[in-house]
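Participant: Here is what each chain is made of, one letter per residue.
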Amino acid sequence: MAQRAIREYDGKAIFSKHWEKYFSGFHYGFKSVMVTNGDELRAKAQEHGFEWLKQEALVAKPDMLFGKRGKNDLVLFRTNKPGDVTLEEAATWIDAKIANETILLSGQKGTLTHFIIEPFTPHSQDQEYYISATTVGEDDVLYLSAEGGMEVEEGWEEKVNEVTIPITMDDASIAHLIRANVPAGIPTENKERFITFAEQFYKFYRDQNFAYLEINPIVMVGNDMHILDLVARLDDTAGFMMADAWCGAEFPTAFGMEDQSPEEKAIAEADSKSGASLKLTILNPMGRIWTMVAGGGASVVYADTIADLSGNVADLANYGEYSGGPTTGETKFYAETVLDLMTRHKDPKGRDKILIIGGAIANFTDVAKTFTGIIQAFETYAERMKAHNTRIYVRRGGPNYEKGLKDIKEAADRLGLYIEVYGPETHVTDIVRMALEK
Amino acid sequence: MGALFTKDTQAIFWNNNASAIQRMLDYDYVINRVKPSVAAIVAPTSGNKFEKFFYGADEIMVPVFRNTAEAAAAFPKADVLLNFASFRTAYDVTMEAITIKGQFKTVMVTAEGIPERLARKMNQAARDAGVVVIGPATVGGIAPGGFKIANVGGTIENIINSKLHRAGSCGLVTRSGGLFNELSNIIAINADGIAEGVAIGGDRFVGSVFIDNLLRMESNPEVKYMVLLGEVGGTEEYKVIEAVKSGLIKKPIIAWCIGTIAKHFSSGVQFGHAGASANADAETAAFKNTAMAEAGMFVPASFNDLPKTIADVYTKLRNEGIVTEIIEPELKTVPKVRRKKEFICTISDDRGDEATYAGYPISSVATPETGFGIGDVISLLWFKKRYPKWATDYLETVIKTVADHGPAVSGAHNAKVTARAGKDVISSLVTGLLTIGPRFGGAIDDAARYFKYANDRGMTPAEFIDYMKKEGKTISGIGHRIKSVRNPDLRVSGLKKYAAEHFPATPLLDFALEVEKLTTSKKDNLILNVDGTIGILMVDMWRALGYSESDIDGFIEAGALNAFFVVGRSIGFIGHILDEKRLGMPMYRHPTDDILYNVEMADEI
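Protein sequence lines correspond, in order, to chains A and B. Under this note's numbering, the first residue of the first sequence is numbered 1, with each subsequent residue one higher. Under this note's numbering, the first residue of the second sequence is numbered 439, with each subsequent residue one higher.
These aren't lab readings, by the way, just hints derived from the structure by calculation. Heads up, some of the hints might be wrong.
In silico SDA-like links for lysine to any residue, alpha-carbon gap of 25 Å or less [stated by the list, open to error]:
1. A:K403 with B:P773
2. B:K445 with B:V500
3. A:K279 with B:K701
4. B:K746 with A:A435
5. A:K54 with A:I98
6. A:K403 with A:T380
7. A:K191 with A:D170
8. A:K438 with B:S740
9. B:K778 with A:D366
10. B:K701 with A:T253
11. A:K273 with B:T527
12. A:K203 with B:R526
13. B:K445 with B:T771
14. B:K559 with A:N209
15. A:K31 with A:N209
16. A:K403 with B:T771
17. B:K559 with A:A175
18. A:K273 with B:R526
19. A:K369 with B:I598
20. A:K273 with B:S524
21. B:K701 with A:S261
22. A:K369 with B:E595
23. B:K701 with B:D743
24. A:K438 with B:P745
25. A:K203 with B:R565
26. A:K369 with B:V775
27. A:K403 with A:T372
28. A:K68 with A:G110
29. A:K97 with A:A57
30. A:K438 with B:D743
31. A:K369 with B:V772
32. B:K770 with B:R604
33. B:K515 with B:Y985
34. A:K346 with B:F703
35. B:K677 with A:I165
36. B:K774 with A:F364
37. A:K369 with B:P773
38. A:K71 with A:E154
39. A:K279 with B:F703
Start from the sequences, fold in the hints, and give me the full structure.
Facilitator: Structural data, given as C-alpha cells:
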C-alpha cells in the first residue's frame, strides 16, 4: 500500500519542522503532546518547554486515525464550561478511556491507546477555515472553504472551491490559479493572508510527499495559525527520500482492526527479511479451503474463483502469496505455517479440507526448488493433514515445473496424502472447480 | 501508430541484468532475428567496455556505457530503453532518456514503488515528449516473433508452448505481470496466440494505461481482437468502455477484472497491487465487469470461464475469415551446453582461406600494387579502420622520423651493451625498448595529453603555462637541448609543413604554436620539439578523422602514441644491434674512473 495514514500529532510535527521554510510570515506554536496514558501526560508537564500543560486550559482527544471524534463524544474540551479542562482532568479522562473498550458510531470497536493534548483555543466560528489537498486522477486538487469544522461537510458542493493543479504546473501559474479560486466568503481583511497560506500549504503538501492533507478547521488569528484538527496520509514509497523530513512518523493500523495473528506476524517478518515476497492474511481460521499460491495476480484469481465457485466466501480460509524466487527454506516455513493453521480445527460440517497449491506460469522462479520446501513441510504435517481428510490440488508452470510436479506427486503418494497435480495445459484456476466438484 | 515493436527494434538495457539480457538474446536467436535486440547496456558503476553473451552456441559482445546519453549516441536507432534501475533511481533514468531528443519511442520501467509524485511527473513528461512508458512495476511486453522485453514469457520452452515465438492474432493488455504468461498460454491453447502483449504495471500511476494500448492495437492490422485483464481499483477500464461505445474501438474485446473477492471484505485486506483498492462502487471488479459486458465486450461469468470465452470469440473470427491459419515458422534451437570463450579478438581472423587484417585478406594489402603501405596496415590492425592517404602518410612520416636518434640515447645504448654481451637480437632489442617510458620517448604521450587537456577546457596559452607551473610540471613537448628559434629542428619543420599541406585542420598544433611563442619569448630554446609536434598532430589527425574527444583520450591512455615510438625506434635499435654484431665488438665494461665511488661502512643496527 502506497498511501498510509499518520497520526495527527505526527502530521503537526512535520508542519512544525518545516514551518519556517514554507510558511514565512505566519506563526505556528506546535503546542501538542502525544501520550498513551495519564501518567505520561503528568510527567510531560514537568518537562521544560511543556509548562503550558499546567498553565492553559486543555483539549484532549484520541489520535488513532479515525475521524468524527466530536460526534463520538471523544473530544475533552469542557468540564463545566468550554475551555476549563485542567491537566489533572485530562489525565484522569485519558485513563478512564483506556480502561474500557470504545465503540464508535460506525461500529468500529477497540481500545484507545494514543491521545493528543493541546491548549484550548478560544475562537469564533467565523475564524474557522477549511483547507485540504489530495490527488484526483493524475492531478492534485486543492480544496478551499471559508467555512471550517463540521459546517463544511454539510453542503460541500456549495461551500468548497476545488483548484485542480496539473503535475507539471509551474509555481507562478499555481499562484495565479489559487488567487483566482479563493472562496468568496473569506473576509476581505483575511483574503491576502488566506491566499498566501493556501499557496504555501500546497507547496508543503507537494514537496513533503503527502498523499492527503487536511486541516479542518484552520483558525487564523492575525498571522497566528492554529491547526485545530489535521488528517494526513503520506506516500510511503517516497519514504527513502523523506526519512528525516517526516520526523520518524509511524504508520499505525486503523482503529478497530484486529491485531495480526502470531502466524501473520511471523510471515510478515520473514517477508521483511527476504528478497522474495511472502504474504499471508487469515480470512477465516475455520475455513475449509486453504491456499498456497505463487504470485500476486494468481493469488487474486484463486480467491475470486473460490468465492465464485464455492458459493460461500466463508469457505476461503486465507489469502496470500509467495513469489519472487523464495528459497527452499522460506517456502518450507510458509508451507508449515499454512498447514499448521489448516489442521487446527475440524470442518464444522465434517467435510474434507482442501489445499490449493496454485500458481501461474512463473517467469523465473524455479518451481522444483520451491516445491522442495513444500514437500519438506508435508513430511512434518502428513499425519495431521490425513486426520483432516485433506485433499491437495496442485497447478503450476514455469522453469523446471515438470520436475516440481513429479516430486510433489511422489512425495504425497509416499506419505499417503490425496493429491492431484496439473501443469500449464490445465487452466490456472480449474483445480478449484475440480476440488469443489469432487 | 501500429505495432509497438518489430523484428528490427533494438533496445538499450539500463542495468546489467545478465540473466534477463541473455533471455532476450536466446529469444532473438530462436526466432532468427538479424540483429540482437539489446544494442547496448548502461551500467554506471561498471568498469567494463562490453559484456559477453551467448547468441546460439557462439558468444557476442554487447557494449557497456556509463550513461544513457553515450549509449544513445553510439546507437541512435535503439529506440527502446529498458529501465531496470531501482525505485530510487528509475525516475532519473527515465527523465534523462526523455530529454535525449529523437532517441526513445518507448521506455519500460520495471521498478515497483517509485514515489507517486515522481511517477506522475515522469509519466506526464513522457506523454508530453511523445514517449510511451510501459510500467512502472511491470514485467514488460512482447511482440511475438519480433521483440521480447527481458523476462516476459519465462523460459524458452514456455515461450514456444505459449506460442510467443511468432505473431498470433490477439492483442493482450494486463495489469498483472504475473498473469501475463498465463494469459499468453490460455490464448495459445484456446486461440492462435498473441500479436502483441503489454503488462501495463501494478503501481497506482502507470505511464501507458489500458486505453493507450488498446487504441494502438486497434490501429495495428496484425491484431484482430483484444484480451483485457483489469483489476479492482481505479477507473481506467471506463475509458475503454467509452471508446467501445463511441466506436473508437471496433475490434472485439474479451475483458475481465480480477479482484471480485474484495467485495466480501469491507476493508483492511489488500487484494493485489498498490493500485488495487476500490474507493467507490464503480471501482469494484464486479461493477466494472458488468459495465464492460453492457458496453458489448465479451465478459465471462468468472475467471475460470475465460478460456471458453476466448475460444468462442476466436472460433467466430475464424469462421468469418477475419483470422486465418498461421504457418508455423522454422525455429533455431539454443544448445543446452554452451562454453564461454576465454579470449576475444576483434582485429584479425585466421579461420578462413586466408588470414585477414580487419577484414582485409593479407594478400590484398601486402604487395605494392595494392596501394597499401605500412601506415594502412597499422590503421587496420591498431584502429580497425581504413584511414585516408593523408593520415597513413602521416603515420609513416612519424615512424620514419622517430626511427633513430643516434647511439647515445639510453635505449640504443642499452641495446648496444646487451648485444656486446653476446645476447641475441630479441634480448638486445627488449633491453632497449624497456627504457622507453616517462623519461625516454614518453614526451609524445604527455604532450598530446596536456595540450589536449588545456585546449579541451578552453585555456588560453598563458593560462596553460600558468596551470603547468602551478602543477609543478615542465611542459612536455616544449624545449630542446640544442635547437632553438634561430636554429630550428628541421624534423619539426617537415612535420609542420606536411600538416599544413595535407591536414584538413590543425587546431591543437595552432594552439601549441601560440604556447611556443610565449615560451620562446622567455628562452630561445623553449621550442615545440619533435615529440610534442608528433603527439599534437596525432590528436589533430584523429579529430579530423571524426573521432570523439573521449575516443582520442582513450587512445592516449591506451598508449597508442607511445606505440608509434616503439615501432619506429625498434628499427633504429635493431640497426645498432646488427651494427655491434657486424663489428664483432667485445664485452663492454664501464671504466671505473668514470664512476664516483662513495661507499661507507654500513652501520650495525
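Participant: Look at each hint and say if it fits the structure.
Facilitator: For each hint, the structure was consulted:
no., hint, verdict
1, A:K403 with B:P773, "holds (20 Å)"
2, B:K445 with B:V500, "holds (18 Å)"
3, A:K279 with B:K701, "holds (20 Å)"
4, B:K746 with A:A435, "holds (20 Å)"
5, A:K54 with A:I98, "holds (22 Å)"
6, A:K403 with A:T380, "holds (22 Å)"
7, A:K191 with A:D170, "holds (23 Å)"
8, A:K438 with B:S740, "holds (20 Å)"
9, B:K778 with A:D366, "holds (24 Å)"
10, B:K701 with A:T253, "holds (21 Å)"
11, A:K273 with B:T527, "holds (22 Å)"
12, A:K203 with B:R526, "holds (22 Å)"
13, B:K445 with B:T771, "holds (18 Å)"
14, B:K559 with A:N209, "holds (13 Å)"
15, A:K31 with A:N209, "holds (24 Å)"
16, A:K403 with B:T771, "holds (22 Å)"
17, B:K559 with A:A175, "holds (19 Å)"
18, A:K273 with B:R526, "holds (19 Å)"
19, A:K369 with B:I598, "holds (23 Å)"
20, A:K273 with B:S524, "holds (18 Å)"
21, B:K701 with A:S261, "holds (23 Å)"
22, A:K369 with B:E595, "holds (18 Å)"
23, B:K701 with B:D743, "holds (20 Å)"
24, A:K438 with B:P745, "holds (22 Å)"
25, A:K203 with B:R565, "holds (24 Å)"
26, A:K369 with B:V775, "holds (21 Å)"
27, A:K403 with A:T372, "holds (10 Å)"
28, A:K68 with A:G110, "holds (16 Å)"
29, A:K97 with A:A57, "holds (20 Å)"
30, A:K438 with B:D743, "holds (19 Å)"
31, A:K369 with B:V772, "holds (24 Å)"
32, B:K770 with B:R604, "holds (13 Å)"
33, B:K515 with B:Y985, "holds (20 Å)"
34, A:K346 with B:F703, "holds (24 Å)"
35, B:K677 with A:I165, "holds (22 Å)"
36, B:K774 with A:F364, "holds (17 Å)"
37, A:K369 with B:P773, "holds (23 Å)"
38, A:K71 with A:E154, "holds (14 Å)"
39, A:K279 with B:F703, "holds (17 Å)"
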